[in-house]
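K.L.:
One letter stands for each residue in the lines below.
There are 2 protein chains.
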Amino acid sequence: MKYPNGKKNIQTSNKTNTSNRGMSLEQDIVQTNLYYLAEKIACIHKKPTPIQIVKVDYPKRSAAKIVEAYFKLPSTTDFNGIYKGKYIDFEAKETNNSTRFPFSSIHKHQIEHLERVLNLGGIAFLIIRFNNKNITFLINASDFIYYYKNTDKSSVPYQWFCDNGYSISYNYIKPVDYLKVVDQILEEKNEK
Amino acid sequence: MKYPNGKKNIQTSNKTNTSNRGMSLEQDIVQTNLYYLAEKIACIHKKPTPIQIVKVDYPKRSAAKIVEAYFKLPSTTDFNGIYKGKYIDFEAKETNNSTRFPFSSIHKHQIEHLERVLNLGGIAFLIIRFNNKNITFLINASDFIYYYKNTDKSSVPYQWFCDNGYSISYNYIKPVDYLKVVDQILEEKNEK
Numbered sequence: 001m002k003y004p005n006g007k008k009n010i011q012t013s014n015k016t017n018t019s020n021r022g023m024s025l026e027q028d029i030v031q032t033n034l035y036y037l038a039e040k041i042a043c044i045h046k047k048p049t050p051i052q053i054v055k056v057d058y059p060k061r062s063a064a065k066i067v068e069a070y071f072k073l074p075s076t077t078d079f080n081g082i083y084k085g086k087y088i089d090f091e092a093k094e095t096n097n098s099t100r101f102p103f104s105s106i107h108k109h110q111i112e113h114l115e116r117v118l119n120l121g122g123i124a125f126l127i128i129r130f131n132n133k134n135i136t137f138l139i140n141a142s143d144f145i146y147y148y149k150n151t152d153k154s155s156v157p158y159q160w161f162c163d164n165g166y167s168i169s170y171n172y173i174k175p176v177d178y179l180k181v182v183d184q185i186l187e188e189k190n191e192k
Numbered sequence: 001m002k003y004p005n006g007k008k009n010i011q012t013s014n015k016t017n018t019s020n021r022g023m024s025l026e027q028d029i030v031q032t033n034l035y036y037l038a039e040k041i042a043c044i045h046k047k048p049t050p051i052q053i054v055k056v057d058y059p060k061r062s063a064a065k066i067v068e069a070y071f072k073l074p075s076t077t078d079f080n081g082i083y084k085g086k087y088i089d090f091e092a093k094e095t096n097n098s099t100r101f102p103f104s105s106i107h108k109h110q111i112e113h114l115e116r117v118l119n120l121g122g123i124a125f126l127i128i129r130f131n132n133k134n135i136t137f138l139i140n141a142s143d144f145i146y147y148y149k150n151t152d153k154s155s156v157p158y159q160w161f162c163d164n165g166y167s168i169s170y171n172y173i174k175p176v177d178y179l180k181v182v183d184q185i186l187e188e189k190n191e192k
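As they're listed, the protein sequences go chains A and B. According to this note's numbering, the first sequence is numbered sequentially starting from 1. According to this note's numbering, the second sequence is numbered sequentially starting from 1.
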């Protein structure tokens, strides 16, 4: 895999990220996706958590009730969908660690999935929030995977995100307006 | 929505569909997707069934056990992913009815979802299998939605699928080789 030529995305002002809203990153993304959907901008959904169902009861006159089930490891990322005709795929994670993002937060097969999407011409990225810093980054999957494959460390320093990520702006209607960053990335690609 | 100009896809020979394998359509598609994935042709997955979790037990030294949960209505289709850089989205249904496919088999919001995908430039379709006829059709979502919106009937006759659908060939490795049909559709689009 080639590393994008010397691209260093200087972190933009994160003035827009200063509100402490107590919402999880996932909730913020789901809300943003609802806005995109309502405005016919994109159709991006969170995949349901995969569950292994073992036993289901069928009580009379009521809905089937699952009485034994277990969480399964997801084989793909959490979010995917369509934007401008293109396939979008990303994983979202938040961390309470202020200085580093541990690789253990992301499953190996999720990274492999992002790589497959890239190789098939899709738009793949990660959205990573540092809760204590109150900042949310979008990271191109290619950059993240390059780092992942070329380090012997078990985590990524915060500064790496500042140097290589795009900070995502916050607004009330679109708490994580990541498609604004995707537009910027698509423009940069076209300029090359 | 415009109806594609007089397009009538004459049903091709379904000689390849004659094996009775006792596998469900969903299993066949999942197996085909595994082939596409292994061959790096496409990355298309079935979405997990959405489940409303009510109660989880955490037994000592074992995995979290879900002890009360219910099935939720899916808000999108079952399958989506990427092929040739494009966003692919489809719903798969089989019926034991030999003469008609009832609209009740598909949720209204799934049809709305397919329409959204079309409007955003994605490739959207349905895969419908008539079990008793041993034939599996791919139907462009645009054709299906047009019919759905312009009929007062509660089902689609089998003959409509023969006139408007593409029969999907079977082979052992790719039980439902639907991307072969997608290629054909993409070619037809380019010719226009």
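There's no promise every hint is true.
No copy is singled out in the list; a pair is fine if it fits within one copy or between any two copies.
Within a straight-line C-alpha distance of at most 20 Å, the following computed EDC-like cross-link-like pairs (lysine to aspartate or glutamate) qualify [what the hints assert, rightly or not]: (1) Lys46 <-> Glu112; (2) Lys189 <-> Glu115; (3) Lys192 <-> Asp143; (4) Lys55 <-> Asp78; (5) Lys40 <-> Glu115; (6) Lys40 <-> Glu112; (7) Lys46 <-> Asp57; (8) Lys133 <-> Glu26; (9) Lys60 <-> Asp163; (10) Lys84 <-> Glu39; (11) Lys189 <-> Asp57; (12) Lys55 <-> Glu187; (13) Lys149 <-> Glu39; (14) Lys84 <-> Glu112; (15) Lys93 <-> Asp163; (16) Lys86 <-> Glu187; (17) Lys55 <-> Glu191; (18) Lys153 <-> Asp57; (19) Lys55 <-> Glu68; (20) Lys47 <-> Glu94; (21) Lys65 <-> Glu94; (22) Lys47 <-> Glu26; (23) Lys47 <-> Asp152; (24) Lys60 <-> Glu188.
Calculated directly from the structure, the hints in this document are not laboratory data.
K.L.:
Now, for every hint given, state plainly whether the structure supports it.
P.N.:
Taking the hints in turn, this is what the structure says about them:
no., hint, in the structure
1, Lys46 <-> Glu112, "both (19 Å within a copy, 17 Å between copies)"
2, Lys189 <-> Glu115, "within (18 Å within a copy, 29 Å between copies)"
3, Lys192 <-> Asp143, "within (17 Å within a copy, 39 Å between copies)"
4, Lys55 <-> Asp78, "neither (26 Å within a copy, 22 Å between copies)"
5, Lys40 <-> Glu115, "between (28 Å within a copy, 11 Å between copies)"
6, Lys40 <-> Glu112, "between (30 Å within a copy, 12 Å between copies)"
7, Lys46 <-> Asp57, "neither (27 Å within a copy, 25 Å between copies)"
8, Lys133 <-> Glu26, "within (17 Å within a copy, 45 Å between copies)"
9, Lys60 <-> Asp163, "neither (59 Å within a copy, 43 Å between copies)"
10, Lys84 <-> Glu39, "within (13 Å within a copy, 27 Å between copies)"
11, Lys189 <-> Asp57, "neither (53 Å within a copy, 48 Å between copies)"
12, Lys55 <-> Glu187, "neither (50 Å within a copy, 46 Å between copies)"
13, Lys149 <-> Glu39, "neither (38 Å within a copy, 23 Å between copies)"
14, Lys84 <-> Glu112, "between (24 Å within a copy, 18 Å between copies)"
15, Lys93 <-> Asp163, "within (19 Å within a copy, 48 Å between copies)"
16, Lys86 <-> Glu187, "both (14 Å within a copy, 18 Å between copies)"
17, Lys55 <-> Glu191, "neither (55 Å within a copy, 52 Å between copies)"
18, Lys153 <-> Asp57, "neither (47 Å within a copy, 35 Å between copies)"
19, Lys55 <-> Glu68, "both (5 Å within a copy, 10 Å between copies)"
20, Lys47 <-> Glu94, "within (18 Å within a copy, 23 Å between copies)"
21, Lys65 <-> Glu94, "neither (32 Å within a copy, 25 Å between copies)"
22, Lys47 <-> Glu26, "both (11 Å within a copy, 18 Å between copies)"
23, Lys47 <-> Asp152, "neither (31 Å within a copy, 34 Å between copies)"
24, Lys60 <-> Glu188, "neither (59 Å within a copy, 52 Å between copies)"
Hint violations for this structure: numbers 4, 7, 9, 11, 12, 13, 17, 18, 21, 23, 24, all remaining hints satisfied.
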